[in-house]
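Chains A and B are the protein sequences, given in the same order. Start counting the first sequence at 1; every next residue gets the next number (the working numbering). Start counting the second sequence at 1; every next residue gets the next number (the working numbering).
Each hint should be verified, as a subset may be incorrect.
BS3-like mimics (lysine-lysine), calculated; alpha carbons at most 27 Å apart, straight line [as the list claims (entries may be wrong)]:
| id | chain 1 | residue 1 | chain 2 | residue 2 |
| --- | --- | --- | --- | --- |
| 1 | B | LYS169 | A | LYS123 |
| 2 | A | LYS169 | A | LYS123 |
| 3 | B | LYS169 | B | LYS123 |
| 4 | A | LYS38 | B | LYS123 |
Far from chain B by the CB rule (all over 10 Å, computed), these chain A residues [stated by the list, open to error]:
| id | residue |
| --- | --- |
| 5 | ARG54 |
| 6 | ALA83 |
| 7 | ALA174 |
Just so you know, the hints here were simulated from the structure itself, not pulled from any lab data. For every residue, glycine included, the Cβ atom is placed at its ideal position computed from N, Cα and C.
2 protein chains.
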Amino acid sequence: MAERVAGPEIERLIQLLARLPGLGPRSARRAALHLIRKREELFGPLAEAMQVARERILVCSACGNVDTSDPCTICRDPRRDPAALVVVETVADLWALERAGATTARYHVLGGTLSPLDGVGPKDLNIESLVGRVAENAIQEVILAVNATVDGQTTAHYITDSLAHASVKITRLAHGVPVGGELDYLDEGTLAAAMRQRTAF
Amino acid sequence: MAERVAGPEIERLIQLLARLPGLGPRSARRAALHLIRKREELFGPLAEAMQVARERILVCSACGNVDTSDPCTICRDPRRDPAALVVVETVADLWALERAGATTARYHVLGGTLSPLDGVGPKDLNIESLVGRVAENAIQEVILAVNATVDGQTTAHYITDSLAHASVKITRLAHGVPVGGELDYLDEGTLAAAMRQRTAF
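Extracted from the complex, chain A is given alone in its bound form (with noise of 0.2 Å):
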């Protein structure tokens, strides 16, 4: 869109729109004209949101949540398991947990996995304060809740070596059939592994 046609505010707001993911310039601009549609019910009420939530988020310096207080909330519940720790690859996946009602443990977010080709060593992810809590608050498990990826893998076994000295029991996430999928349609290594760890019926 040339700028003489819409003005340069709207041609800013696509912009910055389409750099969300899973929105592009075509279905920005359509995000944007929406918008513009619904000015009272939706424009109004998510600029607004937008606002309040980028002045009151925090990042949580316990576990790496983000919330609107630090600690977050899920550190702060008393209810929460003191002696476990969740470890996640990212919030994303905290948030996938919580909504699955996973765990009663607290979490601890890595902010991504170990990637030597992408440059990412340990000293980028929230490994030493990993290490650091589980000495001091006597953790006696760490849950390894890190994708099923190599990437992933690779950066469970080092957080394994870096908790060598500790006496925790460090255990992972089940690997099997999903809830619901239909075995024609997995891969083998997925249906090896539930053979495996198969379970009493």
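Since the structure of chain A is already known, use the hints to place chain B on it.
Same frame as chain A, now just chain B:
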């Protein structure tokens, strides 16, 4: 995401983002996390751009375009052909034609198409104002750039009837093979129209 995970401010931001076209609940969460990660480069500027755009955007009272001035930049542009109007369904279509540099005429945005099943009648569209503009501004050509859909064509016929008493030439966009298009992938209607309306080479 339960509210306790990340606080009501983030939850509200995600809910509003999910109402943008092209984003669902899952991609809205991803977009929100992306904003939080890119706080300085993206979140701040986008929140700012939304506030500015929301405050300054107007709908042009002449043509229905959105801009930060009324009449809009296009309507005020003296280089625009004063004797022709391009009728489009939406502002998105206007922008598409402007990006293509397809015309030097001014526009008239209908705001949709006639659609009896959805309860959209002539009064819901900017048709009366089109008839008025044609009469008042000595318009000589009305170019119907509506979509080549049933509703679009119905609307085109209705507009033609409404302008029957005005001495104005009514044209419509050509049907034919899209530039770069392959014949094998085109529908029969388009191919037949392209053949009928073939031009000298």
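Verification of the supplied hints:
1. B/LYS169 / A/LYS123: violated (71 Å)
2. A/LYS169 / A/LYS123: holds (24 Å)
3. B/LYS169 / B/LYS123: Roughly 24 Å between the alpha carbons, so the hint for B/LYS169 and B/LYS123 holds.
4. A/LYS38 / B/LYS123: Distance ~20 Å between A/LYS38 and B/LYS123 Cα, so the pair holds.
5. ARG54: Per Cβ check, A/ARG54 is inside 10 Å of chain B; nearest 5 Å; violated.
6. ALA83: A/ALA83 is indeed farther than 10 Å from all Cβ atoms of chain B, at 21 Å.
7. ALA174: holds (23 Å)
Violated hints, in rising order: 1 and 5; the structure is consistent with all others.
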